[in-house]
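Enquirer: Given next are the chains, with one letter for each unit.
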Amino acid sequence: MNAPEKLSAKDYASSQEVRWCPGCGDYAILKAVTQTLAKIGARPEKTVFISGIGCASRFPYYLETYGFHTIHGRAPAVATGVKLVNPELDVWVVTGDGDGLSIGGNHLLHTLRRNVDVNVLLFNNEIYGLTKGQFSPTSRVGTRSPSSPAGSIDEPVSAGLFALGAGARFIARGIDTDKVGLGDVLEAAQAYRGAAFVEIFQNCIVYNENVFAAFTDKSVAADAQVRVEHGQPLIFGKDRDKGLHFNAGSLTLEVIDAKARPDDVLVHDRTNPVIAQLLLAMQPPQMPVALGVIRQVAGTSYDSAFVASHVTQLARTKSITDVLRQTNTWRVE
Amino acid sequence: MNAPEKLSAKDYASSQEVRWCPGCGDYAILKAVTQTLAKIGARPEKTVFISGIGCASRFPYYLETYGFHTIHGRAPAVATGVKLVNPELDVWVVTGDGDGLSIGGNHLLHTLRRNVDVNVLLFNNEIYGLTKGQFSPTSRVGTRSPSSPAGSIDEPVSAGLFALGAGARFIARGIDTDKVGLGDVLEAAQAYRGAAFVEIFQNCIVYNENVFAAFTDKSVAADAQVRVEHGQPLIFGKDRDKGLHFNAGSLTLEVIDAKARPDDVLVHDRTNPVIAQLLLAMQPPQMPVALGVIRQVAGTSYDSAFVASHVTQLARTKSITDVLRQTNTWRVE
Amino acid sequence: METTAIDMQANNEAIVIRLAGDSGDGVQLMGTQFVASTAAAGSDFATFPDYPAEIRAPAGTTFGVSAYQINLGAGPITTAGDAPQVLVAFNPAALKVSLPLIARNALIVVNTDTFSKRNLSKAGYDEDPLQSGELDRFQVVAIDLSRLTLEAVSEFGLSKSDAGRCKNFYALGVLLWMFGRDLETIERWVEQRFKKSDLLKAANLAALRAGNAYGETAELAAAVPQYRVATATFEPGEYRGIRGSDALAFGLAAAAELANRTLMFCSYPITPASPLLHRLAQLGELGVGVFQAEDEIAAVCAAIGASYAGAIGVTSSSGPGIALKTEAIGLAINAELPLVIVNSQRGGPSTGLPTKTEQSDLYQAVYGRNADAPIPVIAARQPGDCFDVAIEAVRIAVRHMTPVMLLSDGYLANAAEPWQMPNMADYAPITSTPYVRDDAAADGASAAFRRNPETLGRAWIVPGQADAMYRVGGLEKDIATGNISYDAENHAQMSQLRADKVDAVADFIPEQSVEVGGTSGRLAVVGWGSTYGSIFQAVRGRASRGVSHIHIRYLAPLPKNLGALLAQFDRVLIPEMNMGQLATLLRDKLGVDVESLTKVTGQPFMVTELEAAIDDVLAAIGAQHVGTQNERT
Amino acid sequence: METTAIDMQANNEAIVIRLAGDSGDGVQLMGTQFVASTAAAGSDFATFPDYPAEIRAPAGTTFGVSAYQINLGAGPITTAGDAPQVLVAFNPAALKVSLPLIARNALIVVNTDTFSKRNLSKAGYDEDPLQSGELDRFQVVAIDLSRLTLEAVSEFGLSKSDAGRCKNFYALGVLLWMFGRDLETIERWVEQRFKKSDLLKAANLAALRAGNAYGETAELAAAVPQYRVATATFEPGEYRGIRGSDALAFGLAAAAELANRTLMFCSYPITPASPLLHRLAQLGELGVGVFQAEDEIAAVCAAIGASYAGAIGVTSSSGPGIALKTEAIGLAINAELPLVIVNSQRGGPSTGLPTKTEQSDLYQAVYGRNADAPIPVIAARQPGDCFDVAIEAVRIAVRHMTPVMLLSDGYLANAAEPWQMPNMADYAPITSTPYVRDDAAADGASAAFRRNPETLGRAWIVPGQADAMYRVGGLEKDIATGNISYDAENHAQMSQLRADKVDAVADFIPEQSVEVGGTSGRLAVVGWGSTYGSIFQAVRGRASRGVSHIHIRYLAPLPKNLGALLAQFDRVLIPEMNMGQLATLLRDKLGVDVESLTKVTGQPFMVTELEAAIDDVLAAIGAQHVGTQNERT
Ligand SMILES: Cc1ncc(C[n+]2csc(CCOP(=O)(O)OP(=O)(O)O)c2C)c(N)n1
Ligand SMILES: Cc1ncc(C[n+]2csc(CCOP(=O)(O)OP(=O)(O)O)c2C)c(N)n1
Ligand code: SF4
Ligand code: SF4
Ligand SMILES: [Mg+2]
Ligand SMILES: [Mg+2]
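Protein chains in written order, with my numbering: chain V, 6 to 338; chain R, 6 to 338; chain L, 22 to 654; chain Z, 22 to 654.
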């Protein structure tokens with residue numbers, strides 16, 4: 006066989022017309038994904054995108070790979086079934102904050118704790134886009150929407166902290182339009198063997214425009230974001246003059262002058278759960294928002310353990326004819 | 006009206022014959038609950054026990070209060086509906102590790118993050134009792150059961166860490182047969198306005214006997230348990246000579262000699278999420294198991310916010326006849 | 022291209038208008054305002070919006086076209102109309118998707134300013150249809166709508182995009198002129214709507230008036246007839262326009278008022294059920310609580326919890342969401358709790374066609390649960406009818422202590438019509454079996470399971486009630502105490518009780534009536550749900566030929582006389598927007614022989630389709646026999 | 022009280038035995054061993070265990086009684102029998118719950134040692150029934166079973182509780198003597214079973230032999246007849262005993278072997294479906310993967326994912342769990358993926374009676390989804406039959422690329438019978454529509470939607486296949502490419518395709534045959550599922566009176582000839598363990614007039630109940646007409 010030819014990002018786009026609202030953050034994510042696929046040289050026929058329902062979940066239709074647009078909230082469960090049968094496939098789950106954290110919260114929980122080898126991309130726009138703008142489980146208290154005209158009262162769930170509580174071993178974050186940062190995160194997620202959970206802040210231009218502007222807006226980004234890197238001090242700011250310091254007395258994070266107190270800046274350790282918890286909990290404007298790979302710990306992936314746990318690794322080594330006879334039998338002549 | 010007479014624990018028992026297996030930990034929990042109800046002077050008619058399905062979930066039938074034995078995994082959702090209508094009721098949710106964390110994980114997640122004012126008692130026996138002993142989401146890796154003859158491979162979920170990730174503001178733990186400790190925890194849970202999550206280690210004598218023996222057995226209990234108390238140092242051991250120390254370098258907990266280094270012992274702060282995370286993650290035999298109220302932070306309870314968020318606090322202040330006319334109308338003579 | 026004048030009938034019993042444009046063109050607003058003027062002018066009407074499936078498709082694409090259809094004239098107008106006789110197309114894409122729908126000789130108003138090369142190609146036109154002769158058989162009124170609007174509002178110094186956005190009012194002005202309407206109603210509305218911005222108010226008024234004046238000028242008057250549309254003879258009273266989902270929301274709130282209880286509406290968003298959620302979220306003053314749950318299962322369970330605690334628990338979804346609720350509905354059956362489940366049906370199976378209408382969840386409603394788990398099922402037929410059906414659903418649920426399925430659909434949810442205000446004094450209060458504490462009974466539990474022998478509804482005892490604490494759940498329960506019972510005989514009794522309870526509903530509902538035609542004859546056209554309007558129109562002209570229209574509101578249990586009534590007809594034809602589900606039900610429950618006429622395209626029946634089908638049946642059975650005439654229209 | 026000798030018939034065509042005791046008494050083990058000896062002796066048999074609803078109820082309570090019923094004799098034995106003629110009761114509670122079930126003049130063996138005051142009162146006896154005369158009409162053999170067992174094993178120095186636990190073998194020894202069986206089969210089994218403990222082996226063997234010897238002695242021989250049970254004439258071949266859930270597991274594995282694919286079984290535990298999960302978890306060597314999901318929705322979705330990836334995806338549950346799966350089944354329909362859904366039915370609605378049997382999920386299987394969402398439905402009738410039905414289900418799913426519902430129930434899941442080993446060479450391989458890549462097509466997607474025109478099954482293309490990548494989902498899809506399509510005509514075509522596909526199954530299944538009796542006559546008794554055995558027995562004696570037994574395996578679609586076949590009978594009687602669900606189906610699909618005989622007690626039909634019902638119908642229609650005789654038994 007010939008060596009597979011190198012594909013470009015364009016080659017991963019299907020012939021389907023993309024139908025998100027003009028200006029939707031989903032376009033940028035689609036681009037980042039096709040670029041990542043090209044970069045890693047993904048084989049289209051070994052790549053499967055599985056989604057639930059929502060604007061985000063239309064994703065698979067736009068890729069020239071295998072694609073399964075399932076039902077609301079259940080993509081992680083379908084993806085698990087796929088991986089059990091064929092652990093070789095590179096399986097991506099695309100979901101939204103409603104799909105993944107409202108109706109689908111349970112499947113996400115169990116897929117993460119089992120550590121099924123899938124890359125979960127959760128497009129968080131803090132709103133139900135497809136059903137026309139109701140508040141979602143990540144919407145902030147006070148969100149006015151058709152179903153919460155007086156403002157929502159539900160305390161939002163933090164996608165990252167939820168994943169951590171679920172036992173996720175890989176947790177990362179990116180921003181729709183941050184090509185480089187998002188690309189890096191996608192690549193790391195794909196390379197990880199196990200459940201890789203990626204929260205992508207995505208702008209819904211129609212129902213929740215600029216909800217992340219407090220940290221994504223160009224004018225504030227440098228001071229409102231910290232890009233974490235394993236083994237590196239947690240420094241940020243336009244002039245890289247701000248650092249995150251762990252106050253051992255109060256057991257909390259604080260922003261300090263990184264130039265004045267370089268040794269007091271916490272060094273990121275993606276294997277430490279306390280750091281993950283602290284980073285994931287940070288909220289603007291008091292604290293910067295943590296981006297990049299926040300947590301990564303090795304573990305056995307469920308699908309490989311699954312195969313191994315079956316006596317014959319799922320191979321058929323006996324015939325039914327034999328197995329039926331592994332008991333008392335008698336002959337009638 | 007007369008002052009309601011003081012009821013004894015016995016008065017809270019219904020006339021139904023209790024039908025758990027002889028020796029099941031559920032009996033002790035039932036006793037602890039009726040005693041707590043008596044202690045706090047609960048009004049039976051204002052008290053509602055709502056459960057899902059499982060051995061644990063038979064609980065409501067045995068109490069002379071209102072009781073609703075619903076369907077598998079859905080008790081938190083039913084309880085939410087009850088509280089929305091009548092926030093005055095004292096609502097208890099009784100669930101199991103399968104009921105609450107397997108099929109019902111999503112409802113538990115959302116009930117906790119919304120902070121609905123219910124007391125959730127999760128009887129964790131690390132097994133599906135009622136359906137005859139299959140491994141559950143809290144079963145340890147390697148659990149042999151009818152559905153995992155070669156040993157389970159699923160990494161278990163930690164009930165406490167899950168609750169923390171879900172944003173729970175009250176998290177506590179007790180042991181079925183630990184009358185005093187469990188009683189205290191139940192009382193604190195009942196007193197808390199908001200979602201109080203209580204994990205109870207419960208011995209299933211038939212399908213998972215002694216699974217918690219490593220820390221519940223009398224012979225090891227003192228050294229394998231730490232009873233946390235807000236504002237108090239985290240000291241344990243037969244001779245109260247062991248202490249939990251927070252290593253600020255590695256950001257982990259360590260056991261130290263509490264007598265030698267009393268000042269290095271971490272003081273419990275039930276409002277600090279880092280401490281909650283560290284305590285909930287501790288596992289025997291390396292570390293003691295944390296019991297008592299591990300986390301408690303004040304917050305608005307969902308049901309009160311719900312009522313408040315409705316313009317008229319759910320009162321009918323207008324008639325349909327008026328409301329229908331708040332638009333263009335015309336008369337035909 | 023020249024505007025060709027075609028003779029049009031200037032006096033119309035009824036006329037169908039379709040407005041179509043990009044989502045941003047303000048078509049829906051224009052439609053509702055035209056309807057307001059129609060109501061003021063005294064015509065009957067029915068409307069249906071046709072939204073694009075995408076949230077906000079790229080401008081100029083065919084899949085981004087938003088439309089609004091209005092049927093108006095002498096009553097009874099019961100559908101939004103088959104083929105529009107007037108089309109207003111704001112751009113080439115709107116023209117493209119509308120052409121296959123409109124009448125042979127329709128009048129088309131187009132905004133020529135949008136017929137650029139780019140827009141034509143986005144719409145998939147190789148050639149400009151205004152030039153190609155493709156429109157020759159229509160009467161085309163070509164207007165430079167964008168340019169004229171900009172001119173009309175130029176004096177206000179609006180931004181170009183703000184100014185452009187006034188073009189729906191310019192077009193409305195033209196339309197109002199064509200129908201000889203005065204501008205007053207609309208002017209009042211504009212003043213109210215834009216009261217916070219004098220500039221926008223003035224600009225929109227200017228556009229409206231300019232459009233109207235444009236019609237008056239020689240430019241248009243020469244080419245286009247002014248339509249005179251018949252007015253309807255309404256019963257005297259107070260009217261408003263109403264959309265199906267709003268009527269449903271008001272009906273549920275009214276029922277709670279009649280029961281003097283809180284309405285607790287627990288739902289999870291889904292198309293096309295969400296408008297009901299949205300409307301109820303605005304009705305707090307009526308004692309309506311709205312809870313958006315994490316999923317459909319939580320929604321129905323919270324509604325069950327609410328009913329258990331004494332509120333009217335209601336949940337709502339469409340097919341896929343209802344599927345998720347079926348397990349919990351069984352719990353409500355077993356616990357004997359009132360619960361209303363509203364299903365706004367859509368195209369399926371699975372996610373299917375969320376924005377298209379269908380009535381294919383009847384199987385699910387009647388048979389779609391594990392075990393023998395019967396529940397009453399009722400269906401709404403018209404937008405205004407949703408109000409009464411909602412009250413009926415709550416009444417049955419509370420009277421018999423049972424879940425009730427209420428079927429609506431995507432068409433009804435969004436369609437609107439004029440509606441006579443109800444007089445709430447005409448509605449009986451909604452009550453349940455009273456609480457009676459038998460002091461002789463050993464414990465209070467049994468009080469909850471005393472049942473009214475006629476309704477079989479148990480006493481609705483709620484937590485907080487002293488001395489009547491009871492335990493109940495999804496396991497089979499003792500018929501008298503609610504405790505768990507594994508007893509064989511008890512299970513048989515409870516199973517019978519559950520069946521009898523649903524049957525008992527038939528003792529409380531009206532007998533089946535005939536909508537159009539006699540109570541016997543050659544052909545009964547039997548429908549349910551939103552096909553009402555089309556069947557009604559199709560049968561109306563054929564009553565004299567022995568055809569009757571029977572429309573079933575109570576699908577489970579069926580009205581007691583239905584079997585006997587159908588037996589009076591030679592043939593029974595059942596048009597349905599599914600593969601024949603009511604046909605199954607009637608064969609099952611009545612053992613009657615029926616013919617199905619199915620349509621599964623996501624679109625309502627056209628009147629002409631039904632007429633043709635009826636005529637086929639009539640031709641097949643020959644022209645002899647004519648049944649008793651007993652017209653009721 | 023004295024043991025009263027009653028004349029008993031010593032030669033039995035068939036005899037029913039019931040063993041009953043506390044959960045700890047080893048009744049189930051005793052039963053299976055007695056069956057092993059029955060098989061060795063050449064009799065046909067059918068067995069059914071009757072577990073308590075509680076996991077481990079307190080000793081001595083009536084709700085803690087565990088029982089095992091065996092019907093044995095000349096074949097065909099098709100049910101576990103109506104009224105036991107022999108009862109072995111290990112304690113008062115076992116006696117108490119069994120008395121209402123047993124034959125008028127049954128022989129009762131009781132363990133008198135357990136008739137203490139405490140035990141009597143736990144069982145709810147005010148008076149000792151051994152003394153009260155209450156048992157006078159029975160033949161009572163009172164044995165000091167506990168004491169005798171302790172004596173028999175005293176020499177081994179076991180703890181008292183271990184020694185006591187041998188009493189089931191003592192009782193078995195007695196029973197084997199009563200039936201003139203040699204001990205060899207059992208002895209071999211005991212040796213195998215206790216090979217790790219010489220002590221337990223010796224003790225149990227001693228108890229067994231002592232019990233047998235006890236029978237031989239004058240003490241018993243005087244009072245009790247030795248039964249001689251007829252042997253059956255089996256077809257020559259190799260046999261084993263089989264339980265329904267095991268046969269189902271083996272059948273699924275066999276089907277995967279025939280398809281040469283992995284079987285991926287995804288489930289969530291629930292009574293009475295769990296035994297299937299447990300058995301499949303032991304069949305790894307057959308290429309069976311077992312995934313215990315977090316809930317039923319995840320289970321069905323994982324099975325769908327597995328099918329999508331090329332395995333035979335199977336999911337299993339009982340009613341409430343199936344309800345949760347219905348939304349996802351719609352997805353499999355839309356995506357045209359094979360999927361087998363096994364429903365082990367139980368009493369309902371809601372949680373209902375988990376440990377009791379019922380066949381009340383037929384509505385759910387056939388009609389229980391949102392939208393027009395037809396799927397094939399087939400039902401197993403006997404334990405061994407589960408094997409073939411499982412293969413059939415997989416075959417249909419793969420051939421037509423559709424979900425298939427397989428109905429079993431709590432009775433079948435646990436009942437056992439002798440079963441002739443299948444010869445796998447007799448089964449055709451299971452294949453799907455082949456993959457054909459049309460190089461002319463613009464993209465590979467359309468390859469997945471090429472359908473076999475006869476089966477309408479599409480090509481089962483799986484990820485990993487180069488150049489055939491396709492996208493599919495729950496939204497309505499283009500009939501040729503699988504892409505999203507909102508097109509009206511396409512939706513109509515797809516709806517028709519889904520209906521036609523299920524109808525197409527009828528072209529591949531056998532015509533409906535008659536089990537007993539002629540192909541025409543006075544009365545057809547029509548059943549489905551696990552009522553097979555009882556109906557068969559009841560009709561057997563009545564074939565000469567114009568009664569036939571027709572048993573439907575393929576419930577959707579129905580066999581093509583069924584309507585014509587039923588038309589050959591004057592009357593159709595449908596016994597069902599539900600409120601009349603098959604009756605609905607036949608009225609719907611065939612338009613036939615049927616009578617329902619329903620039983621909803623959580624218990625299977627007794628043969629005598631059916632006989633009485635049939636005789637009533639025969640009496641009602643008079644004794645004249647007798648149809649063609651064509652006995653097939
Ligand atoms: C069972 C079911 N319930 C509800 C819906 C309706 N629905 C579709 S998408 C959606 C929420 C989408 O929100 P999110 O996941 O945040 O995606 P977004 O559209 O914002 O990208 C809902 C409620 C459905 N399709 N199926
Ligand atoms: C929808 C549904 N699925 C499955 C079941 C079967 N089921 C009943 S209880 C249970 C698990 C019980 O485990 P747990 O919650 O840990 O309770 P325990 O019995 O251990 O107290 C299961 C799987 C059910 N009743 N309903
Ligand atoms: S509604 Fe929001 S999320 Fe959906 S496509 Fe439009 S902009 Fe994007
Ligand atoms: S099975 Fe286990 S949890 Fe259930 S009642 Fe018995 S001992 Fe308790
Ligand atoms: Mg979203
Ligand atoms: Mg458990």
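Certain hints may be false.
Pairs of lysine-lysine, BS3-like flavour, derived with a Cα cap of 27 Å [unchecked claim]:
1) V/36 x L/181
2) V/137 x L/143
3) V/137 x V/51
4) R/243 x R/184
5) V/184 x V/15
6) Z/581 x L/610
7) L/143 x V/15
8) V/36 x V/11
9) R/36 x R/137
10) R/51 x R/36
11) L/181 x L/216
12) V/15 x V/51
13) R/137 x Z/217
14) R/15 x Z/143
15) L/610 x Z/610
Derived from the structure by calculation, the hints contain no laboratory data. A quick note: this is a predicted structure, and the numbers were derived from the prediction, not measured.
Enquirer: Please go over all the hints and tell whether each is borne out by the structure.
Expert: Outcome of the hint check:
1. V/36 x L/181: 33 Å, violated
2. V/137 x L/143: Between residue 137 of chain V and residue 143 of chain L the Cα gap is close to 25 Å, so the pair holds against 27 Å.
3. V/137 x V/51: With Cα atoms ~34 Å apart, residue 137 of chain V and residue 51 of chain V exceed 27 Å; violated.
4. R/243 x R/184: 19 Å, holds
5. V/184 x V/15: At roughly 16 Å apart (the allowed maximum being 27 Å), residue 15 of chain V and residue 184 of chain V satisfy the hint.
6. Z/581 x L/610: Distance of about 23 Å is within 27 Å: holds.
7. L/143 x V/15: At roughly 22 Å apart (the allowed maximum being 27 Å), residue 15 of chain V and residue 143 of chain L satisfy the hint.
8. V/36 x V/11: 18 Å, holds
9. R/36 x R/137: 24 Å, holds
10. R/51 x R/36: Status holds; Cα separation ~19 Å.
11. L/181 x L/216: 21 Å, holds
12. V/15 x V/51: It holds: about 17 Å lies between the C-alpha atoms, which stays within 27 Å.
13. R/137 x Z/217: Since the Cα atoms of residue 137 of chain R and residue 217 of chain Z sit roughly 26 Å apart, the hinted pair holds (cutoff 27 Å).
14. R/15 x Z/143: 22 Å, holds
15. L/610 x Z/610: Holds. Residue 610 of chain L to residue 610 of chain Z sits at ~13 Å (cutoff 27 Å).
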